[in-house]
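For the sequence shown, UniProt numbering gives the first residue as 1, with consecutive numbering after it.
No lab work stands behind these hints: they were computed from the structure. Any given hint could be a false lead.
Unchecked claim - Label-pair distances were calculated between CB atoms; the ranges are:
(1) Q9 to P55: 23 to 29 Å
(2) D73 to H2: 18 to 24 Å
(3) R54 to K16: 16 to 22 Å
Source: prediction; values computed, not measured. All residues carry an ideal CB built from backbone N, CA and C; glycine is no exception.
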Amino acid sequence: MHLIEHVIQRFPDRAKIIRRLYLRDERFRAICEDMEMAVASLKRFEARPDAVLRPEVDEYRHVLVELEEELRDYLSHHGRNHDDG
1 MHLIEHVIQR
11 FPDRAKIIRR
21 LYLRDERFRA
31 ICEDMEMAVA
41 SLKRFEARPD
51 AVLRPEVDEY
61 RHVLVELEEE
71 LRDYLSHHGR
81 NHDDG
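Can you make the complete structure from the sequences, with help from the hints?
This is how it looks when you write it as structure tokens:
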């Protein structure tokens with residue numbers, strides 16, 4: 001899955017601005033990359049037979065919540081001047 005697809009799935013109504021920011025904004029791209037790494041890591045830990053015992057599962061879930069909040073704020077501040085249509 002492409003780096004921004006997780007972000008677009010989370011914020012589908014902002015897909016156009018997400019794509020635009022991803023191409024033009026290094027900081028936004030870094031947040032998307034962090035989210036992709038966190039999603040991949042969470043999936044790896046959730047797939048383990050001992051997933052319920054792994055503290056990393058909750059840690060990565062928390063990281064994803066924080067990244068989603070950061071993305072929401074970023075989109076609010078940097079995307080408000082760009083109408084998605």
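Hints, one by one, checked against the model:
no.	hint	result
1	Q9 to P55: 23 to 29 Å	26 Å, holds
2	D73 to H2: 18 to 24 Å	23 Å, holds
3	R54 to K16: 16 to 22 Å	37 Å, violated
Of the numbered hints given earlier, the model fails hint 3 alone.
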